[in-house]
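Novice: Chains as they are written, first to last, in my numbering: chain L, 57 to 347; chain W, 57 to 347; chain F, 57 to 347; chain B, 57 to 347.
Among the hints, a few may not be true.
Each pair may be met inside one copy or between any two copies, as identical chains are not told apart.
Here are the computed lysine to aspartate or glutamate pairs in the EDC-like style, where the Cα-Cα straight-line distance is at most 20 Å [what the hints assert, rightly or not]:
1) Lys323 to Asp236
2) Lys323 to Glu345
3) Lys323 to Glu335
4) Lys323 to Glu63
5) Lys323 to Glu141
6) Lys78 to Glu317
7) Lys323 to Glu75
8) Lys78 to Asp232
9) Lys159 to Glu149
Treat the hints as calculated values from the structure; they're not laboratory data.
4 protein chains.
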Amino acid sequence: RWWLDEELCRRWLSPRPAETHKGRAGHVCLLAGSPGKTGAATLASLGAARVGAGLVTLFVPRSLNPILEVKLTEAMTLPIPETSEHSASIAAETEILDFLHGKQALAVGPGISLHPETQSLLLRLISRVPCPLVLDADALTILAGALDTLGEAPVPVIVTPHPGEMARLMSCRVADVQADRLQVAQEFSRQHGVIVLLKGHRTVIASPEGRVAINGSGTPAMASGGMGDVLTGMIAGFLAQGVEPFQAACLAAYIHGKAAENVCQGKTTRGLLASDLLEHIPLVIGALETA
Amino acid sequence: RWWLDEELCRRWLSPRPAETHKGRAGHVCLLAGSPGKTGAATLASLGAARVGAGLVTLFVPRSLNPILEVKLTEAMTLPIPETSEHSASIAAETEILDFLHGKQALAVGPGISLHPETQSLLLRLISRVPCPLVLDADALTILAGALDTLGEAPVPVIVTPHPGEMARLMSCRVADVQADRLQVAQEFSRQHGVIVLLKGHRTVIASPEGRVAINGSGTPAMASGGMGDVLTGMIAGFLAQGVEPFQAACLAAYIHGKAAENVCQGKTTRGLLASDLLEHIPLVIGALETA
Amino acid sequence: RWWLDEELCRRWLSPRPAETHKGRAGHVCLLAGSPGKTGAATLASLGAARVGAGLVTLFVPRSLNPILEVKLTEAMTLPIPETSEHSASIAAETEILDFLHGKQALAVGPGISLHPETQSLLLRLISRVPCPLVLDADALTILAGALDTLGEAPVPVIVTPHPGEMARLMSCRVADVQADRLQVAQEFSRQHGVIVLLKGHRTVIASPEGRVAINGSGTPAMASGGMGDVLTGMIAGFLAQGVEPFQAACLAAYIHGKAAENVCQGKTTRGLLASDLLEHIPLVIGALETA
Amino acid sequence: RWWLDEELCRRWLSPRPAETHKGRAGHVCLLAGSPGKTGAATLASLGAARVGAGLVTLFVPRSLNPILEVKLTEAMTLPIPETSEHSASIAAETEILDFLHGKQALAVGPGISLHPETQSLLLRLISRVPCPLVLDADALTILAGALDTLGEAPVPVIVTPHPGEMARLMSCRVADVQADRLQVAQEFSRQHGVIVLLKGHRTVIASPEGRVAINGSGTPAMASGGMGDVLTGMIAGFLAQGVEPFQAACLAAYIHGKAAENVCQGKTTRGLLASDLLEHIPLVIGALETA
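Just chain L, with the same shape it has in the complex (with noise of 0.2 Å):
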């Protein structure tokens, strides 16, 4: 059982060659976004730059791609089969796993509606898709009703819910989750071969093979849309730059949290954007590698 700290960090945090390139640094993919909700979708692709991907490229339904290519600029693009509904349509499965040929980590679910054919569309590419996988806010919710996909994984898959999502996936109550935040993250984790990360104050991060961490930074400031997002880019990006999916979920969790206390310097509790930790993102990153 660890607490996720600074030392702790540091010591899991591999320090960068100077001859990295952008090759070498990982590409990031992400499918995430439908009609009002492209806000995630940015966010958690700049959540995965600002960690240091070395290229990030957002599966988009195809008419919500003029909104992200406006909102994003160093990552890129891939315009997808959509739903009636402008979801990601199950149409896109084969392009979606073809561009993910040779390509570092996948996440998948902010902001990507509940559409019949986007869940379809989640659950196929669970049992398909050739690297890591975060699954995270929709995606949870589509996978509560479908729990067995996850043993079908051919790859390591790290979920990240919030104490209501990770209700819903145990068929639980939200106060029985709370009740014993390590216990059920352990659970969920063992019984599903998944890595957990159970969002809150204090998130808790489980492995299936029984590792676990408490996450120690973080402000109540937090508390607000688009934080989870970010994190969930964060986690694949570490995941694409080779990051174990244990340590790239715990090294995630601590400098999301310190990048928000850093941007508050114990000056506020709220009106904190998610949008506001990104560039903070680095220096957190920077101050682990050369403390």
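Place chains W, F and B on chain L using the hints.
Specialist: What follows is chains W, F and B alone, placed relative to chain L:
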């Protein structure tokens, strides 16, 4: 009769507990924007987010949705049916009311236009809205022709007129409003059972049971378009966090003016943009919390 | 003959009273932009807002409206009829003139294109506009073929040519303009009854009754596209606040150059973007007001 | 053989005279961008502007124009005919060549795609372009199949491959390139009569007459997508100001790496975005000019 200053606001601003999450910090909804006026919707949405609302959803006329998806990132949008002139249509009523279920505050008005169908929508919402309501800008102009509707509101209502809008609501001249601002605000408040926030140099806030406050913050550099939209969002943001309506209006007014003062720092009296205030809002709140 | 420096500008800049509100700070209208040139419209609009105009409305060819709604937030847009090439159409004349009723300044020119129907629109507006008028960029190229129109303007007019545009207006060579900048500006001003702001190193401002000023601020880093658009908006912004036209042109020129100097701080002579100036404008004004 | 450091770059950077105007600072044109890759076009355009180009015009596939009008403000766009996949079409050739008349530099490549018609357009432009030319990214991949075209270019050409692109151009393995970077760059340069800028740790610049330089600036944090696009624009920006092509490539490489160093300030080795560099570029130039 209160003088709104740092000390008073500090007393009214309850500290945020460490275990707060975005669900507990409240969900603000806004109905704002029409062609040429999407900036008003943007500023109001960000005002709500910057005082600490957990989630923000903007109802937006369908064809304007791509614009607002680009302008907003943390705030979500919900595209709604629109009139032939791309303003919110009465056909959106059910969708809006359904969505409002379980939400904590609604703000209506900035840049919604005066289209007859938009007028009808507003009046229907006033009598059916399930959560505290802020009415501003175009909503006040519409209201001036249908004042009795205010009596039908099943929830606390806050109106935020500038002197010109107040005069229209009272069917008097602007000079009459300015001649006795306290009296005018109190009279309208008592008569219609709503909280009145009368803008201008030394903003006045009056409640139906007779509370009245005068704001001590602000700068002449606030004499520019969009400042009121930010304020509207801020009030809704405090309402969503469970702040009592009169105090929500008072806190928003003080912090709004103080944020503008801080941007200017006594250095300039013109050229401030409304969006300049936004990132200063959490810092003003933080100074109140910690001082 | 004045040398425009801090001292002179301070005398000409009247302090803003505490009770100012956005209605009293003036409403600037602009006609600017066409495909590929929406940046010019953006910069001019923000120039107007940054000197303290209370409200700013940009007339924009209908199909470009979504672009400018995204680029601008505090400034509003008014979509107008457009030509087949998406520039402002003569069909917009009545709508524009109706809207101008009760407004305080109009700026026309940045990026409007040379489309024949746009030319017609400009010439009609010059002879009918009800408020002080600034003409720049494409408007000057159009004007060069129709100089007599200037005599029909019922309001004060300010033209802001760079040496190339001045040469076109005078049917002479650029070298002739530069050989005696003071003389050329004064001659055109007297002949056509307009205020001339001749750009370039040491900008010259001349009025028909014989006033002439030379600007002492500026840096070679201003040699980049878009700088003139900001200046045009600034002049209109001062006009809207009731500043006398010659002084409005002088104040704008000095503050524009000084803002650029402040961005550079003697540290660089190239790579400045026009939008870098914007947030420095209120600070320069503030330094004039308080020093 | 030069070592590119502050001292050498200072000698090569001529001071800008006080009377410079945007016409004299050169007009850069760029052909860049396709669906999903508009960020590359944005970064290259801003790179050109940030080294001091007077004007920047981006040729953009017609349907992507609204996206780039939003993303760029000072840089102008010219919408051009496009392929069925919304990349630049051969049908744009005449329009582009006409526009290039009297311009000072052209950069082609970032994100243009490998569509056959786009390939044809590139090859036609290479043999007809009237001003110095920079080729990067997709343009290099296209070129690898048509190397003889380089011999037809009537103007100085600079190619900017990373090791993978260099290997494709030389039909060898990446390891062969990296084994003797100096030798490889010089060989390709002599053989094809173009300046080669071979990216990577210690970027190499070689000219056909045998000059060769090694860049001393940079940081591993530059291993992320979009960095090369900024560099391409910077080279074109120096060319447009009349800098000799080899020196233009050298100055751009050094300043690009130094700007990245300055953003990181020894504080972080990852998470830098390409756009973070932009505002630091003028400051690096300024430090060279004044030191």
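Novice: When the hints from earlier in the document are held up against this structure, which numbers fail?
Specialist: Hints 1 and 5 are the ones this structure does not satisfy, whereas the remaining hints hold.
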